[in-house]
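The listed protein sequences correspond, in order, to chains A and B.
Using our numbering, you'd call the opening residue of the first sequence number 3 and step up by one each time.
Using our numbering, you'd call the opening residue of the second sequence number 536 and step up by one each time.
Keep in mind that the hints were calculated from the coordinates and are not lab data.
In this text, all values refer to a predicted model and were calculated from it rather than measured experimentally.
Keep in mind that a hint or two might mislead.
To be verified - Over the 12 angstroms line for every Cβ pair with chain A, so calculated as not near, a few chain B residues: (1) Glu579; (2) Gly734; (3) Phe775; (4) Pro832.
To be verified - Heads up, incomplete: computed chain A residues facing chain B, CB under 7 angstroms, no partners named: (5) Leu30; (6) Asn45; (7) Asp52; (8) Ile54.
Positions of the beta carbon are idealized from the N, C-alpha and C atoms, including for glycine.
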Amino acid sequence: MKFRQTLVVGLGSPHGDDQAGWLATDALAQRFPPNDPVLRKANSASELLDWIDGVGRLIIVDACLGLNRPGEFRCWRWPHRAMAIGKWAGSHDMPLAAVLDLAHRLGRLPPRVEVWGIQSGEQQLGDDLSAAVRDALPYLVDAIVESLHEVTPCTNDH
Amino acid sequence: MSGRRIKVQALTRVEGEGGLYIKLGPQDVEEVCLEIYEPPRLFEALLRGRPLEDVPDITARICGICPVAYQMSSVHALESALGVTVPPAIRQLRRLLYCGEWIESHTLHMYLLNAPDFLGFESGLAMAERYPDEVNRGLRMKKHGNQLLEVMGGRAIHPINVAVGGFFRLPRAEDLQRLVPDFEWGLQAAVETARWVAGFEFPDFCRDYQLVSLAHPEEYPMNEGCIATSDGESLAVGSFENEFEERQVPHSTALHAVRRHAQTPYLVGPLARVGLNVDQLSPTARRLAVEVGIAWPSRNPFQSIVARALEVVHAFEEALTILRDYQRPAHARVAYDYRDGRGCAATEAPRGLLYHRYDVTADGKIRLAKIVPPTSQNQAQIETDLRGWVPVALQDDDDAVARSCENLVRCYDPCISCSTHFLRVQIERP
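Isolated chain B (complex conformation) (with noise of 0.2 angstroms):
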């Protein structure tokens, strides 16, 4: 295997620029880099000396995708701040809100950006002429996670209805209930796709992952709990930054993540979060995860696919005892006193752990911002996954080699945008 070196300009199907570059060396992987080369885009120093209030709407403009995440963050992060304890109404709306996104993100990444690898195809629009009735099915799903975020967030592209203390505008009754037979449709299509990508053939390629997600007692964790650790740990959220450490790498403007003490790389995402919490899923979900006959925690990067699945499941079973059983709250949101004071927050983003700490003035300021996004966590996770799977795929050409490392980056929906941004393979073999 001497002498190649492996370079993909510019990765697809994933979001965001960057590349990935590979050295082979005449026994071994000498180099792989997951090369992420767009510009930093500094939303942290952009946040500074700015009204606190501005920090949901702002930090939803990290993603396109995934808004609500970085909403929901900061919100209980400045919650944490202030002080603040909102009722168990709001609570519940706001998890009915990450339902929404949970769906439409995990339903194109799903269909239209992992199915096509699965199924030879080179892209979802390949695919769909093959497959339509599972691609409009897809659509489908997704369409119906939007609709909730109109609903409840005032439109499904970086919502604008999240406050810190609760929201803007309380959804009317009706406008939830108007949702209820969509959303029967909906968990009826997400256990139809569950048997199906559970049906894909997986490589065996199995990972000794440490699996980070945020656990519960009471529920699948999407904004509240400890942080959890498949080596048994439970740690507080305040302690995220003496236990995992960002850093910088040459060849990326998105930070690595490590665990600080240990400094090895870790996972976080579907197959972490169902991994850790497979007890906590919704009945149907919890059901089928065992159906699909995965031994969970899977710890098998490709099978994420899966994890997803079930996750798209749980989140229409959730959102619909959510809209069934719907009341009005009183009030939209809690009211507050500015502080001096520093609150922190993780949330379970689609793609993973989304931590945000920010420090606050007296006047409602902010005087510090710090963002980890889930991908610039799973990123060093990533390279050493690629170290593994580049020798079980070399015996191929130069394109296949890179085709098939692409289809595993594509396995941990990485949002580069978010991380920063990424897509390129480069394999170089002396």
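Bound conformation, chain A alone (with noise of 0.2 angstroms):
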């Protein structure tokens, strides 16, 4: 298995642009043979903590804002302070940067962990996916899918 130890997990829900992370989820799993990479999808970012255990790799799929237009993408390693943790006030919503920085602190995160992000449209809901992130979703993956052969490999440099 060449890509043991490495696990993909999408983040998102059905609705809207948030569909991407589970979107590129499916994609990659045409591209690979079955837990090779392991891929996942997950509402909640907490439950990457179920899954880090002995795990070398960790790619993170997501829905994000703050890059120029709706379909623009990017790969963060983490630590990097774009991700730079919020405000985590609740108990139902422990957001990706939480997990990740609790994850450290427990010692369990994983030695090598990326963020792909998708800068999702302006929507309401009930939308499907903008046809910008649409648009964009196969190069995502190819970019994914190029990152875990290390031909380009995911860098801080962007």
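Make one complex out of these two single chains by using the hints.
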């Protein structure tokens, strides 16, 4: 198994551009043999804590805000200042950065963690995937595949 | 203590958005307001006119931590309206599902939200570095609670398998059997947790509570029973609205509940449940309740964490019994006919008694829905307790007072998203 100890997690929901992480994971499943790498989908970042033990490389794919235009994507190597922890106030929602920070403090964070974010469009409840994100998804998936093969490694130099 | 107004803009480590405002007069605490400013969520109106089968899954969306509670109260209320009685095997599986929710909700609260207050940390993240073994233990316990929810409910957050009359699909025996080793570990971990939290230092702050919870002659209350109070009352669930009243207050988008006749607050939740039902705890939890050296019923809100830990022991132990003995029932659910009617039910959410009432039409639609969540029932009591707690803490500066008040509020594990939402402390000193 080439990608043993690699876990790819799509974060999201069935709604609008928030589907991007899940759809990317579905597309990756078409490009690799079963469980090589392991592919999972999650609603909540806190689910990662149940899966990361023994993982050498963790790749997270999620919709994000803060890039220039919908459909734009990039990869960050954790830790990165762009993913500084925002306020974690409630119990129902533990943001990704807090989950990674908690895993780090517990000594459970995989040695290599990469976060792929794709900019979400402005959306209303009930909207489908935006055209911009739909068009960009194949390129995102290609980039993740290349990264997995180390053709274009994810760095913090973007 | 004159001249001070203390405001916590946004309370942390509770679920939802709201604040706390404290105004001190020359002699006394003039005003304490738990300001819940999240907008009302209007679930009851949303349900009107919808097929009754939609109710469990829609009400589950009220909360991501305790969706099972909303599903349980809703299906029991609807089954009451329809005249449906579920067989014992289904009843037992519903208790098993509830065990999963108690485990995941209580362990999250104990380890990441409440324990940091007792150990002097600003957050669960900060505590994790110093107490990695404990936090890892808590996370693993929570994980096993979630696994049970996944097997029983299809997924851990907002499970989708609860149906009026039973379940959509029964779990396979091998899937439940596979959980047994982890639940054996979980029971031991829960025992260690109870001993750990019982060793925390608790402020001397006992309140004159009226404790309220379900009580059942044969089991620790989850889905059924009468409503018991620490004044010796035993009330039929059908009389809930005669005995308890919700009222609006200007500073909160959530309703406050009081006893209807006395207009006094009351307390629901683990402290009330253990206090009124300690003899119905599982054998290990009952032994621990004695071992921890607390005289039950405790009326110290800071000791709620110990009650919560005992309930986790109970939940692991009861779940283990059900998992080991499980034999797949012949049918997943009971058939029913629509009829015009009204039904109500109360079950015990992790945070306390959760009441639902539905009026249904002869063609299976919801005519009227009423939902009284535990956090809104506790709000008036929380404000009353804060009025008692503020004078104890007032010698400190405003930041320390605010922190101390937040610590107290967290002991009730409020879910403002359920009540509607909360979080902010503001203290006013004249």
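Now for the hints, and whether the structure bears them out:
no., hint, in the structure
1, Glu579, "20 angstroms, holds"
2, Gly734, "22 angstroms, holds"
3, Phe775, "27 angstroms, holds"
4, Pro832, "26 angstroms, holds"
5, Leu30, "21 angstroms, violated"
6, Asn45, "6 angstroms, holds"
7, Asp52, "5 angstroms, holds"
8, Ile54, "11 angstroms, violated"
Against the hints set out earlier in the document, violations occur for numbers 5 and 8.
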